[in-house]
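Protein chains in written order, with our numbering: chain X, 2 to 91; chain U, 9 to 176.
Treat the hints as calculated values from the structure; they're not laboratory data.
Take the hints with a grain of salt, since some may be wrong.
16 Å max Cα-Cα, derived EDC-like pairs, lysine to aspartate or glutamate [as the list claims (entries may be wrong)]:
no.	chain 1	residue 1	chain 2	residue 2
1	U	94	U	108
2	U	94	U	173
3	U	160	X	10
4	U	150	U	140
5	U	160	X	6
6	U	160	X	17
7	U	105	X	17
8	U	166	X	6
9	U	166	X	10
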Amino acid sequence: MNKLDNWTDQVLNSLDGIQKAAPSLDLLDRVMAQLPQNNVMPKWQLRLTAAAACLLIALNIYVFDFDKQESSKQPSTEYVKLVEDFSLYQ
Amino acid sequence: MAFQRLYARYNVNVFNTALGYMKNVELAEEVTQDVFLAIFQKADTFKGTSKVSTWVYRIVVNKSLNYLDKQSRRPTSDEAIDAHHKIDFNHPGVQLKNQEASRHLFAAMDILPPTQKTAFILSYVEGLPQSEVADVMQKSLKSVESLLQRAKGNLRIKLNSFYSEGKC
Numbered sequence: 002m003n004k005l006d007n008w009t010d011q012v013l014n015s016l017d018g019i020q021k022a023a024p025s026l027d028l029l030d031r032v033m034a035q036l037p038q039n040n041v042m043p044k045w046q047l048r049l050t051a052a053a054a055c056l057l058i059a060l061n062i063y064v065f066d067f068d069k070q071e072s073s074k075q076p077s078t079e080y081v082k083l084v085e086d087f088s089l090y091q
Numbered sequence: 009m010a011f012q013r014l015y016a017r018y019n020v021n022v023f024n025t026a027l028g029y030m031k032n033v034e035l036a037e038e039v040t041q042d043v044f045l046a047i048f049q050k051a052d053t054f055k056g057t058s059k060v061s062t063w064v065y066r067i068v069v070n071k072s073l074n075y076l077d078k079q080s081r082r083p084t085s086d087e088a089i090d091a092h093h094k095i096d097f098n099h100p101g102v103q104l105k106n107q108e109a110s111r112h113l114f115a116a117m118d119i120l121p122p123t124q125k126t127a128f129i130l131s132y133v134e135g136l137p138q139s140e141v142a143d144v145m146q147k148s149l150k151s152v153e154s155l156l157q158r159a160k161g162n163l164r165i166k167l168n169s170f171y172s173e174g175k176c
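Sequences and hints are given; from them, build the entire structure.
Dropping the structure here:
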């Protein structure tokens with residue numbers, strides 16, 4: 002085996018017994034600083050909140066509509082009578 | 009926090025693999041940062057069909073190759089290119105007696121195509137068994153063996169040219 006082959010083999014085997022290199026200790030802090038803020042809501046929670054909001058809006062519409070219908074059913078005479086009752090200065 | 013536990017478990021593997029590709033501590037840390045951000049963002053897409061380590065290695069390999077690809081496309085001066093191909097990278101984990109030789113090896117690795125480079129780095133820098141390299145690269149064990157053989161052949165040719173140019 003000539004000198005060149007010896008050298009090439011030595012280079013090719015130079016990684017024998019290599020240890021793993023570790024990053025700097027502050028790298029985790031740098032990674033954490035780049036993460037989106039931890040108060041991100043999980044998807045299931047977001048969906049639940051949206052569903053609850055929809056339900057609340059629907060209930061409001063229903064109650065508002067029901068109330069409107071009820072008030073329109075009241076006889077107008079009652080209202081006139083009430084107005085008359087309060088006509089104190091006539 | 010689960011993320012911190014994952015970081016503690018894999019940061020050395022990610023950094024060491026990235027360093028094999030980048031040959032620069034700052035760039036390897038940049039890749040490591042990107043890898044963990046990607047892990048955080050893609051955690052819910054992990055299907056559990058492979059090992060977590062395999063998934064993490066796939067991310068670091070892809071990120072590192074993307075970085076190298078971007079670097080090679082970026083218009084740089086001849087001096088910058090020369091600096092990148094310089095025989096001066098000392099991997100901090102290489103044994104003292106092998107440091108001089110390993111500088112030549114890391115410089116020669118530049119000529120390897122991405123698949124050969126990946127097989128070589130995962131096997132010899134990161135020290136993974138060939139079966140795990142095959143899983144990471146989504147190739148058969150035979151393909152990995154063949155990639156490693158071709159990588160060594162190409163490295164031998166490059167090292168011979170270093171020798172004849174008197175760079176050793």
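Verification of the supplied hints:
1. For the proposed pair residue 94/U and residue 108/U, the alpha carbon gap of about 13 Å is at most 16 Å, so the pair holds.
2. Between residue 94/U and residue 173/U the CA atoms are separated by roughly 14 Å; this keeps the pair inside 16 Å, and the hint holds.
3. Of the supplied pair hints, the one linking residue 160/U and residue 10/X holds, its CA atoms being roughly 10 Å apart against a limit of 16 Å.
4. Pair hint residue 150/U plus residue 140/U holds up; C-alpha atoms about 13 Å apart against a cutoff of 16 Å.
5. Our distance criterion of 16 Å between C-alpha atoms is met by residue 160/U and residue 6/X, whose separation comes to about 13 Å.
6. Of the pairs offered as hints, the one joining residue 160/U and residue 17/X holds, with about 15 Å between alpha carbons and a cut-off of 16 Å not exceeded.
7. With a C-alpha separation of about 11 Å, the suggested pairing of residue 105/U with residue 17/X holds against the 16 Å cut-off.
8. The straight-line distance between the Cα atoms of residue 166/U and residue 6/X is roughly 13 Å, inside the 16 Å bound, and the hint therefore holds.
9. Between the alpha carbons of residue 166/U and residue 10/X the distance comes to roughly 13 Å, so the proposed pair stays at or under 16 Å and holds.
In this structure, every one of the numbered hints holds.
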